[in-house]
Amino acid sequence: MESAIQQSLVTMISGPVVQARPAHRFSMNEMVEIGDERLVGEVISLDEDLATIQVYEDTTGLRPGADVYAKGLPLYVELGPGLMGEIFDGVQRPLKVLRGKWGDFIRRGKTGTALPRDRVWQFTPSVKPGVMVSPGEILGEVPESQLITHRILVPPGVQGILERILPKGDYTLDDVIAAIRSPSDKIHELKLFHRWPVRKIRPYRERLVPSEPLITGQRVIDTFFPLARGGTAAIPGGFGTGKTVAQHQLSKWADADIIVYIGCGERGNEMTGVLVDLPKLLDPRTRRPLIERTILIANTSDMPVAAREASIYTGITIAEYYRDMGYDVALMADSTSRWAEALREISGRLEEMPAEEGFPAYLASRLAAFYERAGQVVSLAGKKGSVTLIGAVSPPGGDFSEPVTMHTKRFVQCFWALDKELASARYFPAINYLQSYSAYISMVEPWWTEKVGSTWKTLREKTINILHEDSRLQNIVKLLGEEALPDDQKRIVEGARLIKNDFLQQSAFDPVDTYAGPEKQFLLLDVILHFIDRLADVVKARIPLFRAMELPVVAEIHRLKFTRRGDDPAPFRSIKERIDKEINALLHRQDSL
Amino acid sequence: METVTGPAMKGALEYIGLDRISGPLVVISGVKGVGFGEAVEIVPSDGRSRQGRILSISEDVAVVEVFEGTSGLAQPTTRVRFLGRPFEITVTKEEVLGRIFDGLGRPLDGGPVPFRGERRNINGLPINPVARAYPQDFIQTGISAIDGMNTLVRGQKLPIFSGSGLPHNELAAQIVRQARLLTEDEGFAVIFGAMGVRHDEAETFRRSFEESGVLKNVAMFLNLADDPTVERLITPRIALTVAEYLAFEQGMHVLVILTDMTNYCEALREVATSKGEVPSRKGYPGYLYSDLASIYERAGHIIDRQGSITQIAILTMPDDDITHPIPDLTGYITEGQIVLDRSLAQRGIYPPINVLPSLSRLMSDGIGEERTRKDHGNLASQLYAAYARARQVQRLASIIGEEDLSATDKLYLTFAREFHKRFLQQGTDENRTITRTLELGWELVMLLPEQELTRLKPEEIDQYGTYPDTCNQK
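Chains as they are written, first to last, in my numbering: chain A, 1 to 593; chain B, 1 to 474.
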């Protein structure tokens with residue numbers, strides 16, 4: 001695959017950017033290896049006789065005159081069994097293998113393969129020789145983890161008569177398990193894995209309109225700003241507003257089949273935290289460790305910047321691959337701003353003309369192309385699968401008018417704005433309910449009303465009205481104090497406080513509160529709104545509101561989110577009855593006075 | 001001045017004459033066989049060699065940044081020696097601890113140049129995330145605002161965001177004196193890296209180390225205010241290379257203090273501007289984030305290795321602006337921040353820590369049962385919520401006056417006052433135990449009516465929420 005005749009040589013090195021001549025041997029986005037250490041790079045521009053290459057490893061010590069080897073392939077990932085539960089760097093180098101090989105620090109140079117070649121997989125074919133097979137069709141299955149059955153697909157672009165396929169048995173990735181004779185009489189030998197270029201969207205048959213919610217177990221998201229399977233969302237927020245905790249929560253509790261988590265230019269300890277937590281946490285649906293459905297891509301901030309740029313594509317290509325097997329995949333990218341900065345850094349080294357804040361002019365189109373890879377689709381073989389994209393954004397100074405946030409906003413349907421003020425009061429998740437939005441509300445509404453509660457829509461709208469009314473009243477409270485409000489308005493403020501404290505606020509560190517299923521969300525909101533409704537009676541009876549707020553049942557409402565999981569509606573019903581009992585008693589006492 | 005590199009290395013190439021000198025950069029043409037990022041010695045006609053590093057190299061032109069500045073260099077006579085290896089420093093335990101060096105690692109204390117250890121590239125290598133051990137050992141600093149609400153954990157990188165004239169040096173020195181990390185039997189070391197600090201500041205630290213008897217475990221790397229600017233790019237990397245050796249090879253718990261990162265960033269901007277790079281925010285280069293990360297990420301724990309690196313970087317926020325690129329990007333990389341506040345300092349409160357924007361991201365893993373106490377997390381959360389509310393009430397009171405506040409709001413005002421006076425305020429040598437800090441916290445929250453305490457569980461209030469005289473938990 002590589003040739004050394006009339007070798008191309010390095011002519012210039014500036015950080016992660018290298019130039020080489022002659023350029024005619026390379027094609028755009030081709031993978032190359034440089035020097036004796038075989039540093040991996042990718043051709044990013046071709047200009048008369050000069051090829052510009054971004055290098056995915058540290059270039060210290062590299063000299064002009066070093067050999068550049070063309071690999072004949074664009075930057076690709078290996079797709080096959082062995083991905084699940086693993087952690088890779090931005091160009092799919094397996095980090096656990098690297099540690100075994102080099103020790104605790106990451107060195108550079110050749111590393112071997114992304115997927116292990118010595119591991120044996122049990123393959124069960126599902127088709128017989130002699131049939132016509134088309135791209136995306138399932139040839140057989142491999143149990144990859146306790147949770148995930150890996151379906152071996154005919155790679156896109158390959159079709160014809162299945163000449164032979166191996167019987168059920170144990171095979172490694174290097175074994176040829178099937179051969180397909182194409183209409184042009186060409187034989188394609190297939191293995192358990194295939195390669196796919198990361199910058200190319202994997203083809204599908206048809207794109208569907210998202211209609212099912214992706215339940216995340218986070219109340220403010222699911223109830224107020226829901227995400228749909230195959231949808232896109234952004235979480236922007238300044239530092240310390242809880243982006244990463246939110247992303248971790250989503251990766252833990254989102255009810256997707258598979259999670260791809262990309263730590264893109266973030267802290268090393270955060271990836272370590274994920275690696276420590278996931279094997280211990282159990283999926284609420286399957287009761288299996290979450291790590292069995294998770295793939296991690298870690299390119300921390302101190303790892304080479306060009307690999308950070310690639311990490312997003314590595315992650316999304318893997319996500320699309322599982323989508324093609326018919327799975328619902330959710331991909332978290334933390335943070336897309338660091339990816340954009342990697343683009344900016346490389347663009348700066350190329351001395352390209354900058355647009356806003358030094359970012360290259362193609363920032364917006366790259367972001368659009370990334371978010372376009374989300375979607376619920378019918379695969380080439382007719383299976384329904386989806387990729388949901390959730391990108392964290394780290395705006396400088398928490399200013400949402402900066403280029404990355406602004407452009408991201410154009411391409412995502414859900415916007416969960418994190419708020420510094422909420423975060424500094426340790427109010428988490430610090431999602432600002434006035435600035436955030438979701439375009440999926442009407443699409444997921446039928447699901448909620450059918451599956452969870454017929455009054456979901458009214459409940460939700462009522463709550464939102466209270467919150468908006470409250471934010472209007474807070475302007476007065478700020479100037480005059482709460483005492484200055486009449487009792488009916490005080491009811492709104494007190495009601496909103498209950499909603500904020502007992503519903504919206506959710507602790508990621510409390511074993512019960514960390515996940516709230518749709519039923520619990522509905523039941524809890526129903527209880528809180530029932531209480532707020534009954535407060536109206538208290539106001540009507542001219543009883544001071546604080547008397548109602550001192551009722552013992554209020555403490556019970558506070559406690560609900562920490563004590564009940566929502567699988568049994570009875571406790572919620574009994575709290576509603578207690579609300580009625582205590583409020584009626586209060587009204588009655590007043591009458592008898 | 002002697003160089004640390006000793007005799008010229010094998011493979012060194014020497015050229016005479018510079019093509020161009022621009023700010024801290026020199027350009028040399030006709031260069032062959034030289035690698036990117038390698039170390040360079042520049043020898044002007046007076047024979048006093050200077051250190052440099054290759055910033056970019058093409059077929060025959062090398063751009064070199066000169067750490068000690070280019071002043072006094074002459075184009076035709078300057079000799080340039082390419083050393084054929086990256087910038088390195090000798091790391092040893094015996095010859096480094098208890099010593100003072102300049103910003104490039106050359107002795108300032110009249111002692112010998114360390115030479116017995118191994119030589120290491122000062123850029124270090126990224127730690128494989130798989131090899132990291134999650135930091136969760138609580139460090140008691142004896143400072144309530146930190147221990148109680150922004151807990152420091154061994155292996156954490158927790159910077160101090162300050163402003164000029166605020167007592168960040170006193171606070172850092174107090175942490176060094178009191179941090180429990182230092183009183184344990186296990187080996188410990190303090191590495192102090194100064195970038196562009198004044199002589200008296202460096203001296204204050206030295207004296208503080210001396211007085212607390214830790215000086216023999218301290219290595220100081222000083223680039224002072226009147227030392228060359230570009231040298232500042234090297235100082236923190238030298239400090240961290242030594243720290244990594246002590247932590248991961250010698251099994252010591254190392255506390256690294258880096259001050260002032262603002263000066264470091266300005267040096268970076270100066271070099272970037274001289275190169276004619278496209279600037280991003282406020283003229284800082286687009287790679288400021290990656291560059292800072294290559295410093296801050298050099299902290300932590302590694303599985304199966306004894307030692308650890310805890311990093312406290314100090315930076316002064318230009319114009320006290322936390323959204324300035326330097327504190328902003330730092331906050332995105334570090335595991336939290338301790339923010340000092342001018343208005344608190346003006347009211348005579350020491351340490352003037354504004355707890356609201358302060359944060360320790362590793363806190364939840366470092367506290368709780370068996371580490372500090374099981375009520376710690378909820379108590380801290382309640383203190384945050386109450387203090388945030390109290391600040392709102394203070395704003396309200398300044399508009400409508402205290403008289404017209406509701407009874408509850410008045411209690412919040414009392415809470416704020418007591419919080420400042422009893423919780424935040426403490427002496428520079430007052431070393432509070434975590435139990436004392438938590439007791440103080442409980443005394444404060446109990447100033448508020450119980451229905452306001454929504455972050456605490458009723459059973460916690462029953463157990464700890466008694467009034468000051470009877471509070472003898474743990």
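Do not take every clue at face value.
In silico lysine to aspartate or glutamate, EDC-like type, Cα no more than 20 Å apart, as pairs [unchecked claim]: (1) B/K282 x B/D321; (2) A/K280 x B/E94; (3) B/K282 x A/E357; (4) B/K275 x A/D510; (5) A/K101 x B/E418; (6) A/K478 x B/D404; (7) B/K93 x B/E249; (8) A/K420 x B/D321; (9) A/K478 x B/E402; (10) A/K101 x B/E249; (11) B/K457 x A/D510; (12) A/K384 x A/E372; (13) A/K191 x A/D170; (14) B/K410 x A/E482; (15) B/K374 x A/D510; (16) B/K457 x A/D513; (17) B/K32 x A/D67; (18) A/K280 x A/D257; (19) B/K457 x B/E439; (20) A/K576 x A/E550; (21) A/K96 x B/D304; (22) A/K500 x B/E452; (23) B/K282 x A/E351; (24) B/K282 x A/E189; (25) B/K216 x B/E94; (26) B/K410 x A/E483; (27) B/K275 x A/E351; (28) B/K410 x A/E550; (29) A/K96 x A/E292; (30) B/K275 x A/D580; (31) A/K462 x A/E445.
In short, the hints are calculated from the structure, not lab data.
These numbers were taken from a predicted model, which means no experiment stands behind them.
Checked hints:
1. B/K282 x B/D321: Since the Cα atoms of B/K282 and B/D321 sit roughly 13 Å apart, the hinted pair holds (cutoff 20 Å).
2. A/K280 x B/E94: 43 Å, violated
3. B/K282 x A/E357: Roughly 9 Å separates the two Cα atoms, so the pair holds.
4. B/K275 x A/D510: Violated. B/K275 to A/D510 sits at ~52 Å, over the 20 Å cutoff.
5. A/K101 x B/E418: 57 Å, violated
6. A/K478 x B/D404: 13 Å, holds
7. B/K93 x B/E249: 10 Å, holds
8. A/K420 x B/D321: 15 Å, holds
9. A/K478 x B/E402: 14 Å, holds
10. A/K101 x B/E249: 19 Å, holds
11. B/K457 x A/D510: 12 Å, holds
12. A/K384 x A/E372: Holds - the C-alpha atoms of A/E372 and A/K384 are around 17 Å apart, at most 20 Å.
13. A/K191 x A/D170: 13 Å, holds
14. B/K410 x A/E482: 12 Å, holds
15. B/K374 x A/D510: 13 Å, holds
16. B/K457 x A/D513: Holds, at roughly 13 Å.
17. B/K32 x A/D67: 15 Å, holds
18. A/K280 x A/D257: 18 Å, holds
19. B/K457 x B/E439: 17 Å, holds
20. A/K576 x A/E550: 16 Å, holds
21. A/K96 x B/D304: Distance of about 15 Å is within 20 Å: holds.
22. A/K500 x B/E452: With Cα atoms ~14 Å apart, A/K500 and B/E452 stay inside 20 Å; holds.
23. B/K282 x A/E351: Within the cut-off at roughly 19 Å; holds.
24. B/K282 x A/E189: 56 Å, violated
25. B/K216 x B/E94: 10 Å, holds
26. B/K410 x A/E483: Holds. B/K410 to A/E483 sits at ~12 Å (cutoff 20 Å).
27. B/K275 x A/E351: 12 Å, holds
28. B/K410 x A/E550: At roughly 19 Å apart (the allowed maximum being 20 Å), A/E550 and B/K410 satisfy the hint.
29. A/K96 x A/E292: 16 Å, holds
30. B/K275 x A/D580: 74 Å, violated
31. A/K462 x A/E445: 15 Å, holds
Consistency with the previously given hints fails for numbers 2, 4, 5, 24 and 30, ordered from lowest to highest.
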